[in-house]
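J.: Chains as they are written, first to last, in numbering that gives the first Met the number 0: chain A, 0 to 248; chain B, 0 to 335; chain C, 0 to 259.
Calculated directly from the structure, the hints in this document are not laboratory data.
Treat the numbers as computed from the prediction; the structure is a model and nothing was measured.
One or more of the hints may lead you astray.
[What the hints assert, rightly or not] Over the 12 Å line for every Cβ pair with chain A, so calculated as not near, a few chain C residues:
{"id": "1", "residue": "Arg-32"}
{"id": "2", "residue": "Lys-93"}
{"id": "3", "residue": "Ile-129"}
[To be verified] Here are the simulated EDC-like cross-link-like pairs (lysine to aspartate or glutamate), alpha carbons at most 20 Å apart as the crow flies:
{"id": "4", "chain 1": "C", "residue 1": "Lys-93", "chain 2": "B", "residue 2": "Asp-163"}
{"id": "5", "chain 1": "A", "residue 1": "Lys-5", "chain 2": "A", "residue 2": "Asp-23"}
{"id": "6", "chain 1": "C", "residue 1": "Lys-93", "chain 2": "B", "residue 2": "Glu-50"}
{"id": "7", "chain 1": "A", "residue 1": "Lys-79", "chain 2": "A", "residue 2": "Glu-26"}
{"id": "8", "chain 1": "A", "residue 1": "Lys-45", "chain 2": "A", "residue 2": "Asp-71"}
{"id": "9", "chain 1": "A", "residue 1": "Lys-79", "chain 2": "A", "residue 2": "Glu-55"}
All C-beta atoms in this analysis are idealised placements derived from N, C-alpha and C, irrespective of residue type, glycine included.
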Amino acid sequence: MSIELKGVHKAFGASKVLQGFTLDVQEGEIVTVIGPSGSGKSTTLKTIIGLLEPDEGEVWVDGENVHQLGLDALYALRRKVGYVFQFAALFDSMTVRENVAMGLRRMPGLSEAEIQERVEDALSRVDLEGSGARFPAQLSGGMKKRAGLARAIALNPRYLLYDEPTTGLDPLTVTMVDRLILRMRDELQVTSLVITHDIESAYRISDRIAMLFEGQVLEVGTPEEIRSSESSRVRAFVEGKPELLEDHQ
Amino acid sequence: MKRSREVLVGTVMLIGMIVVVIGSLWLAGSGLGRPSYPLEVLVADVGQLREGNQVKFRGVPIGRVDRFMVEPSGNGIRIHVLLDQEVPDISDAAAVVAPESLFGEWQVELVSRDRFPRFEYYTLSPGQASQDEPPLLPGFTLPDITRLTAAANEISQNLAVLTDRVDRAFNDETAENVRRAIDNVQDVSENLRTLVSSTRETFDDLRGDVSQATEDIGAAASVARAALERTNDLLETGQVDSIVTNVAEASKDLAVIARAVGSSSGEMQSAIMRMDSTFTRIDRMTARIESGEGVLGQLLSQGELLGQASSVLVQLDLLLADLRANPGRYVRLSIF
Amino acid sequence: MSILSPVAWVGRTGIRIVGSVGQAGFLAAGAVRALRNVTIWGPNLVPQMVAVGVASIPIALFIAAFTGIVLALQASYTFTGTVPLYFVGALVGKTIILELGPVLTGLALSGRVGANIAAEIGTMRVTEQIDALESLAYDPVAYLVVPRVLAGLVMFPVVVVFAMAMGIGSGWLTSLGLLDMSTPQFVRGLRLFFETFDVQFALIKAASFGLIVTGLGCFYGFTCTGGAAGVGRSTTRSVVVASMMILVLDAFWAATLLRS
């Protein structure tokens with residue numbers, strides 16, 4: 000069981016964001032998609048859980064073609080997929096605890112006590128035990144991100160999609176989030192797809208790294224392979240040297 | 000927390016519903032549980048009366064119009080009213096359907112029949128009368144003020160026609176005829192006198208012509224009698240001239256009143272006064288006309304004007320009574 | 000820039016309007032479909048009824064109170080000397096119930112409720128909270144739109160009832176206090192032209208205003224793009240369009256229900 004994207008195209012008006020994006024994520028694997036801002040990374044994640052419909056191509060998750068699913072089946076699939084949003088996207092009218100409980104309330108057959116238990120469990124995983132009663136507006140950026148993570152993992156998902164999990168965080172929190180991502184895989188065998196432009200973080204957590212450029216996967220490989228890539232575009236990004244790109248333009 | 004919110008929403012919604020229901024019922028004038036006493040009024044026409052209009056007794060609101068039912072025969076309307084109190088004990092009770100003011104507020108007034116004896120109350124013929132549970136009153140629907148104005152107009156027109164006819168009847172030719180008739184009578188009596196004297200003188204001589212003379216006398220006498228009769232008719236009625244004048248004046252006055260009421264003016268007071276005097280005159284006149292005396296009476300009965308005039312007079316009577324009772328109403332109207 | 004650019008502008012605007020109507024229809028269809036997900040919108044209904052309805056009562060009462068006062072005074076000013084004073088009651092009652100109660104309340108609530116909804120949902124849209132809802136297997140239309148629109152549909156008439164009662168009440172007090180009228184006089188006028196249908200008409204109107212105000216708030220919130228500025232634009236547009244639609248609906252109902 001895995002996530003598979005086959006030749007996905009997606010355009011918003013005139014701007015073509017994805018142009019034949021192909022990638023597969025094996026079970027229990029952490030794959031990181033790196034790429035410059037605006038290269039369609041977030042679009043990829045939204046396509047995977049059916050928030051966006053690809054213009055062309057197919058997305059397979061857990062053995063199902065996402066965009067062929069009916070509404071109910073789609074919601075059933077989404078319960079297996081945790082989505083960590085870039086800016087946490089916490090519901091600001093609710094406390095952290097209520098935020099984390101939101102997804103659980105859609106799980107059939109869970110009692111209120113079980114829900115609370117799992118909420119506390121998820122909060123403790125992200126070191127937010129004491130902040131359950133606070134509102135998102137009262138949290139720091141890092142805490143919000145962790146709360147968003149807690150909301151995603153409370154569902155015990157088999158897949159986790161991370162949208163820029165470490166962007167804008169202090170180095171300490173970055174490390175903590177990285178460890179959390181690894182722990183989710185090691186403890187719960189979660190299959191993860193991480194979108195980031197934090198190349199250091201990508202090296203630390205990834206089994207494989209995919210370089211996204213102009214809507215296509217330029218290169219896929221282990222962190223070592225990427226680090227020693229021959230491609231000037233890849234090197235331009237990972238080494239932060241835009242002058243390497245200019246040769247191609 | 001959640002429960003108190005639900006209670007709050009529930010309370011607000013319930014209050015809203017109660018306000019709507021109670022408010023609507025109250026504004027629509029329903030009795031809301033108070034006992035009501037049904038009563039039915041039979042009329043030919045309901046005018047502008049509508050459901051919910053007031054029922055009054057001696058000016059006091061005592062109920063409302065509930066609904067209208069067309070008589071199965073199609074010959075009238077049964078007004079079903081609900082009274083807040085027991086039907087008052089009125090001797091020879093009837094109902095008058097009329098506007099309370101000119102603003103379209105019609106009402107049913109319970110009255111004793113002798114208060115407005117001239118009204119033609121609408122009653123069921125004995126065969127149709129049923130022993131229905133709610134008491135059934137005969138009713139009379141007053142014409143609308145606009146209709147009255149139109150009626151007054153019509154009267155004045157009729158009277159104008161009448162005056163015209165009378166005028167024409169008493170034209171120069173008629174006068175000439177009368178004079179000639181009188182002349183004839185004089186001629187004849189002169190002839191007779193001459194005849195008598197000559198007869199005395201030449202009685203013996205003319206004995207042989209007696210039979211001829213007798214025939215002459217007979218012819219002259221019959222001519223004289225006819226002429227005298229006509230003259231007598233005219234002279235006996237005596238007021239031919241004054242009647243004609245009266246009628247002409249009355250129709251003029253009526254036209255003025257019709258104009259005044261219809262088109263508005265501040266001279267209502269004087270209009271009322273003029274109307275009053277016109278009225279006495281018309282009344283006096285009609286009494287004479289109704290007795291059918293004289294040429295005028297014949298003319299009227301010939302033209303079937305009499306019937307129209309008297310029905311119009313009833314209406315004028317009402318209008319005048321109303322004008323006298325509520326002058327302010329008409330003055331206000333005139334400003335509109 | 001060419002001679003054809005005005006034509007192009009017309010074309011662009013037309014396409015945009017048709018597009019918006021299409022999107023709105025899509026959202027409306029989604030909302031109808033989402034009605035079956037009672038478990039999603041059910042828990043949100045009561046809080047929304049409080050937010051849309053109960054919390055709107057004070058502003059509605061405030062507006063209605065002053066409307067009643069002004070109507071009574073203006074009516075007496077117009078009527079003095081020509082029409083009997085009890086017609087003040089008729090004018091206040093008829094105007095409040097048929098027109099000003101529903102329309103003024105609707106306009107006020109398009110600002111209060113419509114803007115609130117557009118801003119709230121718009122913010123949720125640009126901060127990906129709506130996507131988050133979807134990722135948590137919530138149908139956002141069921142979760143956000145249905146309870147708000149239902150609350151508007153049910154609570155607008157309730158608020159309007161309060162407003163009508165307040166408007167008539169303040170008109171009555173004004174007549175007593177400032178116009179030297181008596182209560183029976185005022186009530187007589189009030190009842191003079193009253194028909195039960197007037198109230199039904201007002202409530203139908205109010206419900207349609209509730210539908211359009213909340214629906215447009217949701218629509219502009221949902222289609223919001225472009226961060227805080229986008230939320231501001233959506234909010235403004237929601238209020239403007241809702242106000243216009245209220246007046247259009249007002250005319251529509253008058254044309255369909257009052258012409259007999």
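J.: Hints first: check each against the structure and report whether it holds.
T.: Hints versus structure:
Not every C-beta of chain A lies more than 12 Å from that of Arg-32(C), the closest at about 8 Å, which undercuts listing it as non-interface. Consistency note on Lys-93(C): stated as away from chain A, and its beta-carbon is indeed over 12 Å from all of that chain's, at 42 Å minimum. Interface exclusion of Ile-129(C) from chain A breaks down, the closest Cβ pair being 9 Å apart, not more than 12 Å. Only pairs whose Cα atoms come within 20 Å are accepted, and Lys-93(C) paired with Asp-163(B) is rejected, the gap being roughly 53 Å.
About 8 Å separates the Cα atoms of Lys-5(A) and Asp-23(A), which keeps this hinted pair within 20 Å; it holds. Of the supplied pair hints, the one linking Lys-93(C) and Glu-50(B) holds, its CA atoms being roughly 18 Å apart against a limit of 20 Å. With a C-alpha separation of about 13 Å, the suggested pairing of Lys-79(A) with Glu-26(A) holds against the 20 Å cut-off. Distance hint between Lys-45(A) and Asp-71(A) is fulfilled; the C-alpha atoms sit about 18 Å from each other, no more than 20 Å.
Taken as a hint, the Lys-79(A) and Glu-55(A) pair is broken in the structure, with Cα atoms around 24 Å apart against an allowance of 20 Å.
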